[in-house]
Amino acid sequence: MVHPMLFGNMEIYLIVALCLFALGLYGLISRPGFISMLISVELILNGAGLNFMAFNTFLAPDKTVGATFTLFVMGLAAAEAAICLSIAVAVYRRFRSIIADDISGLKD
Amino acid sequence: MDFTFATEQKFLVLIADIAFVGFIVATLFGGIVAVGARQLIHAVLGLIMSLMGVAGLYVYLGNHFIAAMQILIYVGAVSISMVFAVMLARPPEDAKAKPLMFATKIGSGAVIALFAAFVVGRAVIAHPWVKAATVVKEGTIRQIGENLLTTNVFVFELISLVLLVAITGSVIIAKRGRDNTDQQGGGV
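From first to last, the protein sequence lines are chains A and B.
In terms of the working numbering, the numbers along the first sequence are unbroken and rise by one, the last being 108.
In terms of the working numbering, the numbers along the second sequence are unbroken and rise by one, the last being 188.
It is possible that some hints are incorrect.
Said to hold, decoys possible - Across the chosen pairs, the derived CB separations fall in these ranges: (1) L14/B with G105/A: 19 to 27 Å; (2) F118/B with L59/A: 39 to 47 Å; (3) M1/A with L158/B: 40 to 48 Å; (4) H127/B with M1/A: 21 to 29 Å; (5) M5/A with M87/B: 15 to 23 Å; (6) E157/B with H3/A: 37 to 45 Å; (7) M1/A with T140/B: 44 to 52 Å; (8) M5/A with A126/B: 33 to 41 Å; (9) A100/A with T134/B: 17 to 25 Å; (10) G22/B with V73/A: 24 to 32 Å.
Unchecked claim - Here are some, though not all, of the chain A residues that point toward chain B, as calculated from beta-carbon distances under 10 Å: (11) Y13; (12) L20; (13) L28; (14) I29; (15) T57; (16) V65; (17) A78; (18) G105; (19) L106.
Since the hints were derived computationally from the structure, they do not count as laboratory data.
Glycine included, each C-beta is placed from N, C-alpha and C at the ideal position.
Given only the sequences and the hints, what does the whole structure look like? Please build it.
And the structure:
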C-alpha cells in the first residue's frame, strides 16, 4: 500500500485555507477600493469553503453535509457579489470614485 | 474516502503529489496577486487563478461536483461580473491617492492578518483531529441532491429567494443611478 506524502493530510488543506483567510483579511483592511474589498471577501469565503470540504472529507460521518454547505456558501457569495458590484457602479456614477474613504458625503 | 493506493500506483501518486503542490502554489500566488496588485484588473485575474487552484484542491478532496460548481459559479459568474464592474466604474490608481494613510492601512492590515493566522494556525496544528468511526453516507452526487431536496429543502428554497432578491435589487440599484446621471445631463 502507498500513502501520498501530501494530499492525504488534512492539516495541509486547513493551512492553505488559513492562508486564504489571512490574505483576504489583509486585503479587506488595506485595500481602499470597493471592488478590491469585494475580491478580498471572496478569498475569505473560499477559505471557509475549503475548510468545510476538508473537514467533510476527512472527519465527517455524513459526507453530504459539507458539500451542501459549501454550495450554500457559493450561492450566498454570488448574491453578495451581485449586490456589491451594483452598489459600486451606482456609487461611481454619483461620486465619480469608488475609493471607500472618498464616499463621505454625510460627514461634511 | 481513504488515501491509500496500490503499490504499483506509486509513480502516479508521486505525480499527483507534485500536481497538488502546483495547485497550492496557484491558490496562494493568485491570492497574493488578488490583494497586492496595483491594477484592479490584475487583482481580478489573480482571484480567478486562486479560485481555479481551490477547485483543483476540491478535486483532490474527492468531490468533483463541488469543483465543477466552483468553476461555474465563481470563475464563470462572479469573476466575469467583476470584470464588467471594473470596466463600468473606472477606478484611479489605488496607491497614488494618499501615501501616508495607505502605509498605515497596509501596516495595520498586515499586523491583524498575521495575528489571526498565528492564532488559528496554532489551533490547527495543536488540535488532535478525531476521525468519525463510521461513514453513514459516502457523499455521491445523488446523495447530495437527495439531501438538498429533503433535509435541507428549506435552506435551498431560501437561497433561491435570496438570489432572486439580490438580482432584482442589483438591477434596480444600478438602473436608478443611470437615471440620476441622465437627469443631470452628464452621460458616462
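Range hint compliance [Cβ, M5/A to A126/B, 33 to 41 Å] | Cβ of M5/A to Cβ of A126/B: about 22 Å, so the range 33 to 41 Å is violated.
Per the hint of 44 to 52 Å, is the separation of the Cβ atoms of M1/A and T140/B within bounds?
-> violated (24 Å)
Proposed interface contact between V65/A and chain B, which counts if any beta carbon pair is under 10 Å = holds (7 Å)
Lying within 40 to 48 Å: is that true of the beta-carbon distance M1/A to L158/B?
-> Distance hint for M1/A, L158/B holds at roughly 45 Å.
Given hint G105/A near chain B, where the shortest CB pair must fall under 10 Å | violated (14 Å)
Given a hinted range of 19 to 27 Å, is it respected by the beta-carbon distance of L14/B and G105/A?
-> At 60 Å between Cβs, range violated.
Distance restraint evaluation - F118/B, L59/A, Cβ atoms, bounds 39 to 47 Å = violated (24 Å)
A100/A and T134/B, beta-carbon distance inside 17 to 25 Å?
-> Violated, at about 50 Å.
Evaluation of the interface hint that places L28/A against chain B, nearest CB under 10 Å = holds (8 Å)
Hint check: 10 Å Cβ-Cβ cutoff, L106/A to chain B = violated (18 Å)
Given hint T57/A near chain B, where the shortest CB pair must fall under 10 Å | holds (4 Å)
Classify the hint on L20/A as holds or violated, based on whether any CB of chain B lies nearer than 10 Å to its CB.
-> The hint holds - L20/A has a Cβ within 10 Å of chain B, the shortest such distance being about 6 Å.
This entry does not satisfy hints 1, 2, 5, 7, 8, 9, 18 and 19, going by the numbered hints stated previously.
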